[in-house]
Amino acid sequence: MSIAEAEARELQLEAPSGLWNEAWRRLRRNPGAIIGFVLVATFVTCALFAPLIAPEDPRVGDLARLEGSCCPGPSAEHIFGVDQQGRDVFSRVIYGARYSLLIGVVSVAVGLSIGMIIGAIAGYFGGWVDTLLMRLMDIMLSIPGLLLAIGIVAALGPGLVQIMVAVGVTQIPIFARLLRGSILAAREADYVLAARSVGVPRRAILSSHLLPNAISPVIVQGTLALATAIIEVAGLGFLGLGPQDPSTPEWGTMLTDTTRYLQTAPHLALIPGFAIVISVLGFNLIGDGLREALDPRFRGRA
Amino acid sequence: MGRTSMRILLLLATALLVLAAAGCGGDDDDGDGGEGATGGELVFAGASDPVVLDGALVSDGESLRPIDQMFEGLVSLAPGSTEIIPALAESWEANADGTAWTFRLRENVTFHDGEPFNAEAVCFNFDRWYNFKGPFQLESATYYWQTVFGGFSDGEEPSLYESCEATDESTVVINLTKASSSFLGALALTNFTFASPQALQEFGADEGTVDEETGFKPTGTYGTEHPTGTGPFRFVSWTRGDRLVLERYEDYWGEKAKLDRLIFRPISDNAARLQALQAGDIQGYDLVEPQDIETIEGDENLQVLDRPPFNVAYVGINQKMAPMNRLEVRQAIAHGLDRQSVVDNFYAGRGEVAKAFMPPSLEGYADDVMEYEYDPEKSKELLRQAGLTLPVRIDFWYPTDVSRPYMPDPKRNFEAFAASLNKAGFQVTPHSAPWSPDYLGRAQEGTAGHLHLLGWTGDYGDPDNFIGTFFQTETGQFGFNNPELFDLLNRAETETDQAARIGLYEDANRMIMEFLPGVPYAHTEPALAFTANVTGYTPSPVSLEPFSTVSME
Amino acid sequence: MLRFVVRRLLLLVPILVGLSLLVFLWIRALPGGPAQALLGERATAESIEQIEEQYGLDKPIHLQYFTYVSKIAQGDLGTSVTTRRPVVDELQQRFPATIELALAAMLFSITLGIPLGFIAAKRYGGAVDHGSLVLSLIGISIPVFFLAILLKYVFAVQLGLLPTVGRISATIDLEHPTNFYVLDALIAGDMEALWDTLTHMVLPAIALGSIPLAVIARITRAAVLDVQNEDYVRTARAKGLAPRVVDVRHIFRNAMLPIVTIIGLQVGLLLSGAVLTETVFAWPGMGTWLVDAIEQRNYPVLQAGILFVAVVFVLVNLLVDISYALINPRIRVS
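Just so you know, the protein sequences line up as chains G, E and D, in that order.
Quick note on my numbering: the first sequence kicks off at 1 and runs consecutively.
Quick note on my numbering: the second sequence kicks off at 1001 and runs consecutively.
Quick note on my numbering: the third sequence kicks off at 2001 and runs consecutively.
Because the hints were derived from the structure by calculation, they are not lab data.
A couple of the hints might just be wrong.
Claimed, not checked - Which bits of chain E does chain G cover? Going by a derived footprint, with three or more residues having C-beta under 8 angstroms, they are:
no., segment
1, 1289-1296
2, 1416-1427
Claimed, not checked - Computed from the model, here is a short list of chain G residues facing chain E with C-beta under 7 angstroms:
no., residue
3, Cys70
4, Arg260
5, Tyr261
All C-beta atoms, glycine included, are put in the ideal place defined by N, C-alpha and C.
Next comes chain G alone, as it looks inside the complex:
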């Protein structure tokens, strides 16, 4: 190992770690973030242990439970009432956490991974590659997000996977721009110039210096994007582009189906609606907390 390499190794280690410890300390002192963690933890618990929590099979109902042509509201037996197929709404909301969280995470993962690759390439190589990729992102951004997602689902057909892809794709440009911006800023930073001057290879600079330092805004954005994704998925469901199997207990789709019963059975729309609001709120609170914790400008304040 040459001296230059040893120095480079040391620089790699040094750049990120201090930042994270401090961020975590500040995050723990932020009440909003703690509420966010509680809300999100509740939903992750529901999602993971749905079969243990839910009293009934969310897909199987009993039409004999219906009164008139629709659905009795909350009662001792069914605390959130019964839906239009005679199914227990509580069980469906619990299982719904599974779908909403899964869809949210997968679609953000899609947007984040593709966006990061594009952003990293654009930011690192610059020149015409950068121009081309960023013009492409501009074009994508010039179509309002939901319209773009609707367009993609319209082309792929309705369904869970298609929705994940559609929502993920709408998030690509945001992540691409974000990462490119961070890399451009970091490229000129002292420790990168230093690493370069001691001869650290290009790829190593990208993976060990540029990416880790550009990553904190991406994590913040990723958390907030989870919130956006859940809302967008619900929006697509509301417009009737949800999962193919209508018995799927997905919150957005549950809400869509039931708005037509708003007069006679408002609980059918309100309960999944509030489930969405609460989980989205959780991710927003965490995202905000993270932003404050990771942003040096906020250091003196929290």
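Given chain G, put chains E and D in place with the hints provided.
Frame of chain G; chains E and D shown alone:
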């Protein structure tokens, strides 16, 4: 820090509670609607805007409804039935072989532009329809002409229509190329109502340009700004997507309309239509959803009117998809569908379980057809008899973005049927597509899986309009070839002796329910809603409903 | 400044070309076809062919694109497949409806959001600050259609205070020279119509404006907090200027920069939100138009509508950039 977090928690909780309380305002609804309508002005909401106000060129209900108020044909239907009564023709007779029909026209009838209605005007309209060319020959434009009369004057397809003769001012003879048992009934269709020849020409009803890239563009203003008929209401104005305004025609030959003005508004959302009615923005609307009926009936300011059942909802089976070509499997489907529960729970008491593919009120209906009660065990047994291993996997399609009179919430019907089939030895894979064009296209091409949901509303009172439409030839939709059934239906259609004809249709119904090309499950009474002060509206099985007798207290 | 504007305008060209190509190709990727949409329930293979020929859908795809672009250049957006009306005519009715709604929503969110954020920052850590933080968090966490449904259910259905659907009552006669109903009512001098159309606008505007309101309040708060600690503000205070003068002349003016940016960024959100809000309130704007067009595979409307929305969006962003440059001269150089 602890205090701040408590405070935020409290605020959060309060905010959510306020929202929740606001949301759960209770189910009771002491209607505050009913006001807003003054004098003789009624606002009626349809699901969409009319396409164009020219009866010859439309086939959708939202266009036909207002056209029906402004225009009249030779004959009409008695209120609330499919019985033929005189309209612009006072009497008629056919010659011995049924190929020449002579109509005596009502006298002293004028069009809304002051032009006289006479034999020449009748022939002008018939000649217009018969001589349509180019894009006018598309089924989307002239579906009913093609259904009733076949081809046009260009002779590419044979036509039932031969010529029209104005023998004198008030006598007209329509010559046909062959006898037809459904000709007179079809003349009651709104599509064959008469427009002022003067207005048709002056405002370019048949003018349009056809260019290569964008296709047909109407350039005339007849169908959008100057529709001119003889009916009890006349056109005032039409703001697309917003409102169509009609007013009473003071020189109407018969009993004049009671309302001063009649306004049609398109409101595509079901819930929005109900809410507009409750708020008093509108005084009536069509296609009431079953789950809203209770709300409307519970509101003393509102009322529900029912159309007589004249439709059928069915589960279609595609026999091209194995194993649906086997009778036992089709029987297993029929026994596996919990039709009673669906009809009892989803139609608000406004439906009955269908035994056949046409409504009981029609002649030719047979009450003694084969019946299939819900019996999941029997389904499984039938499937095992057929040598299949359970569960049998099937693809089942349903439409989205649509509400039909026979199927107000297709997804809901689908879910219940899928659940009951899953208990009967099948394993259902759900598929959906937007109603038009995807779903209908798939159903017609036969690419909508093993099973699909569909239905039909009758256009006129003839069994041919139901089972003849479905099963007279081999179709992609049902995918079977049954020459015996095709032949029986062909004979029934051309039979001129009414009693013999009825017998043939009864036989056909029995044969169909044994052969099971699909499973009919409901005849429904579609509901309309009005504010309580509206009187004089008579629902019709084929939705031909005059507003001229309607008044508001 | 002029060079900056010209350069930004030139940058529009590749974006517009890319957009038109994207929209054009996307529509061809859709399942089903426009011919089927036109014929609907009673379609046959033969009639489908006939329609495809008439609409030029049977030609090679690059020719279709070429004719498409040259038509647009001539201002010809084609004919709607379902209504058989020129797309331009429909656009002239739909676009003002959405813009009117979006402006009302913007007005609501700006007039409420900026003061709220300002007060929150001035009383940093106080009750107003915490309250507005919580409200704005909930604001951005509610799906816009769910909020729309809630508002409609409470204020229109249960309380009966406001109309449920549409832009104006059916019983009111009004000429529509501009299709901005508020303007139309003012031109006609019809106060009843003005009041009626305003009441129709309240709930949709609140539903649509709630997210921008939350965002604007948050950004205003953050921007004011940033500026408050700058040296020139301290200097101004130290000079003994009245607090109100400092607020307006120094703090507010400098905080405007991020606020203007964020308002510009809300346009895309508004257009997305409009699709859902219009659906709930049956508002006859671009949103309901495009959603219907997608369902019906109404190609000419889809092409024109999406392209138009995107172009408007791009132009608004351009305006924001220019105003940004006007406020902050440093931008012009880079």
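Hints, one by one, checked against the model:
Given a C-beta distance limit of less than 8 angstroms, the hint that chain G covers the segment 1289-1296 of chain E holds, as 7 residues qualify and 3 suffice. Residue count for the segment 1416-1427 of chain E with a Cβ under 8 angstroms from a Cβ of chain G: 3. That meets the three needed, and the coverage hint holds. Of the supplied interface hints, the one on cysteine 70 of chain G holds, with its beta-carbon coming within about 5 angstroms of a beta-carbon of chain E, less than 7 angstroms. With a least beta-carbon distance of about 6 angstroms to chain E, the hint placing arginine 260 of chain G at the interface is held under the 7 angstroms criterion.
Interface restraint check: tyrosine 261 of chain G against chain E, minimum CB-CB distance 5 angstroms, threshold 7 angstroms, status holds.
Checked against the numbered hints above, the structure violates none of them.
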